[in-house]
Amino acid sequence: SYTKKDMVQIILRHTLPDAVLDKGISTDQLNITEEGAYELLNMLGNEIDVSGMRPVERAIHDIVSKINLIRSLGSSNDISLSYRLSDFNGFPYTI
Numbered sequence: 001s002y003t004k005k006d007m008v009q010i011i012l013r014h015t016l017p018d019a020v021l022d023k024g025i026s027t028d029q030l031n032i033t034e035e036g037a038y039e040l041l042n043m044l045g046n047e048i049d050v051s052g053m054r055p056v057e058r059a060i061h062d063i064v065s066k067i068n069l070i071r072s073l074g075s076s077n078d079i080s081l082s083y084r085l086s087d088f089n090g091f092p093y094t095i
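Using my numbering, the letters of the sequence shown map in sequence onto residues 1 to 95.
Calculated from the structure, these hints are not laboratory results.
Possibly wrong hints are sitting among the right ones.
[Unchecked claim] Per label pair, the in silico range of CB-to-CB distance:
1. 52 - 73: 32 to 38 Å
2. 72 - 31: 26 to 32 Å
3. 36 - 1: 33 to 39 Å
4. 73 - 45: 28 to 34 Å
Source: prediction; values computed, not measured.
Just so you know, even glycine gets a beta-carbon here, dropped at the ideal spot from N, CA and C.
Generate coordinates for the entire structure from the input sequences, incorporating the hints supplied.
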């Protein structure tokens with residue numbers, strides 16, 4: 001089992017870069033801070049205790065997919081996204 005510190009490093013070094021490249025976004029266009037990664041882990045709580053990194057990977061891929069959708073719609077303005085995971089549980093997604 002990983003510590004939260006280990007999980008944050010996995011998110012920053014592997015999970016997020018893999019997710020953004022999978023969606024055709026460059027790694028300099030989308031980033032997550034260490035604080036954001038810790039917050040994500042705190043929100044997932046018991047899910048990561050039971051399933052390890054799988055829920056984290058799903059959450060990161062869901063977030064990146066939604067951001068990619070916004071990007072593909074051609075919005076040139078900064079968009080503030082809520083960081084509650086419940087907002088990323090499926091369509092329709094309201095900004």
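(message) Under the constraints set out in the numbered hints, which ones does this structure not fulfil?
(response) When the structure is compared with the hints, numbers 2 and 3 turn out to be violated.
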